[in-house]
Amino acid sequence: MDLFISILSGVCMALGGILLISGAVGVLRFSDFYNRLHAAGVTDTLAASLILFGLMLLSEHSGILLKLILILLFVLLTSPTASHALAKAAWKAGLKPDTSNDKPGQ
Amino acid sequence: MLTVITVTLLLVMVLALIRAFKGPSVFDRVLAANVFGTKTVLLIAVMGFLFGRPEFLDIAMIYALINFISVIGILRYFEFTHGGKAEDET
Amino acid sequence: MLIVVACFIARSKDLMVTVILFSIYGLLCASFFMLMDAVDVAFTEAAVGAGISPLLMLITLASVGRFQQAGRYPVVLIGFIGAVLGGLLVWATLGMPMFGDALAPVHQHVAPRYIEESGVEVGVPNIVTSVLASYRAFDTLGEVVVIFTAGVGVLSLLGGGSYQKRFLIDRIIDREEHKILRVVSKILIPPILLFALYVQFHGDYGPGGGFQAGVIFAAGVVLYTLFFGLKVVQQVISEMSVRVLAALGVLLYGCVGLVSLLKGHNYLDYYALAANPKTGQHLGILVIELGVGITVASVMILFFYTFARNFGGRGAVS
Amino acid sequence: MSLMSGLFNYWAVAALLLIGLGIVVWQGNLIKKLVGLSIFQTAVFIFYISVGKVAGGTAPILDDSYSQYSNPLPHVLILTAIVVGIATTALALALVIRIKASYGSVEESDINGQDK
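Heads up: the protein sequence lines correspond to chains A, B, C and D, in order.
If you want my numbering, it's the position in the first sequence, counting the first as 1, plus 177.
If you want my numbering, it's the position in the second sequence, counting the first as 1, plus 1327.
If you want my numbering, it's the position in the third sequence, counting the first as 1, plus 677.
If you want my numbering, it's the position in the fourth sequence, counting the first as 1, plus 877.
Everything labelled a hint here was simulated from the structure, so no lab data went into it.
In this text the structure is predicted, and so the values were computed from the model without any measurement.
The C-beta atom is built at its ideal place from N, Cα and C for all residues, glycine as well.
The reader is advised that the hints may include incorrect statements.
Covered by chain A, per the in silico footprint, the following chain B stretches (three or more residues, Cβ under 8 Å) [to be verified]: (1) 1343-1349; (2) 1361-1373; (3) 1389-1403.
Straight-line distance between alpha carbons at most 25 Å, and here's what the computed PhoX-like set of lysine-lysine pairs gives [said to hold, decoys possible]: (4) C:K940 x A:K269; (5) A:K269 x B:K1349; (6) C:K863 x A:K265; (7) C:K940 x C:K955; (8) B:K1349 x D:K910; (9) C:K908 x C:K856; (10) C:K955 x A:K269; (11) C:K863 x C:K908; (12) A:K265 x C:K856; (13) A:K265 x B:K1349.
Taking CB as the label site, the calculated pair distances span [unchecked claim]: (14) C:G819 x A:H238: 51 to 57 Å; (15) D:G981 x C:L712: 41 to 47 Å; (16) D:S986 x C:V767: 39 to 45 Å; (17) C:L766 x A:L223: 25 to 31 Å.
Using the sequences and the accompanying hints, generate a full structural model.
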């Protein structure tokens, strides 16, 4: 049973890690802001929950488990909201495909 | 496994930093800052387990919180300044 | 570490970018402190360096303008001076004890006493808290007074005037719709405030304490302001009450010292507060941390109020 | 090699100090100067904290299962210094806003020019 749990948490974290890397590569390589936002926003939440879940499986103490759950809830709540706010603000600022909003300093 | 994840997280943080440096628009940088913050939360959580003192998850929580607030704050700043400009013109 | 250094090379051109990078830098710094076992410091730096200080800078930027001119001196000159200074500093480090050396002089003076005996003398597991609030309480009182003075300074610089007119920030907020953000922040704010209280009173056992709790509390209020406007927030926590509270926190701290003085002990000697020395210490630390927390929270909120009131006001007009 | 790893932290601190100082001296913009000042500040913080670290030690919160702790004294000093730092930064920012209000600029050269 112990072995099973540790393997499960390992798998969770590995999956999370793969997602993290793919998200980061997406953020780095995609051409457009909205594409990048998509890459980051989608992978972020899932990867974070996977890794936190893996950690939860590892924790023996109930207080730690509680804190991990709280963090997970927090991430689940804030991360999509932040993405949404970003997209909205970018759209409002007139950032369509072009980046005319962002002129470098004079 | 924990070590592998830590290294991965560090790598991802570096990638996000590169985006923050490069980012053609300001929003790219904010996005990078956000990604960076989430990764820091995870990093702190994993590091707590790695060093065997996982009592310090409070800090991860505060990171998540502060990250959210600062991203929202930056975005609101844009809206405020744009709104302010529109106000002056009318 | 390397990343931290790399962070600065790119900071130029746009001040906005500078602030964003600065926020990232705060997070990085905090992770570094975490790595160095300084959990309390990591806590504070995360809340201050990554949260409050970029926000304050942003508000200033909003009224000051976003772009700047280039530097004044030729890069070569700066590079030369930098190289000379850097060489001197590196030369100086050669005499330093190795990193992580347990026998270094810093670890030989008072620190062993704190580590070995604070558990017995003060009875609080978190050594940082016991040193902060008990052994060096007088010092901390000074810090709190400095923070309070800074609050007074900001008020005297930017306060006054413009009480009647509606704030620009409110006018902008009224025009906007942010349903999702409003709902989410409504859900988030009570847990944030609760968490601040937890940090405040858990400071004896884990990382945390008055300074951190105050900053977190202020962050919660700031989040509220960002979505509901200054006017609504000030109905909940009026500016006057914040001012009074800021002074009250310092007073609370000082009064604890006076009480022990009146009981015939030294100033801020908590043994006077209860018959059992450990209870006395505990009580003293608790009350003092409360005073610190109140002052820090209210001064931070005060900063935010004053800056936000001036937003788009005086600076943008001229 | 041991010299490298043993003193690397201090060197990084030196670099950060220089960058902070460089921004303060070189940049004319007052806000940028403040950011530079903050960087200088954090460099000092990092220095203190690295001095306080003991190899093999753990965070200074008493627990029966650990015997070696990092030095708590620098932590206390820095903890308060951070909060005092933000307070002074806020004061400086308030000054900047006032300067902007009376001079109409936050560039050092403009301000000096107006004073002449």
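So which hints don't hold here, by number, going up? Going through the list in order, the structure violates hints 4, 10, 14, 16, 17 and respects the others.
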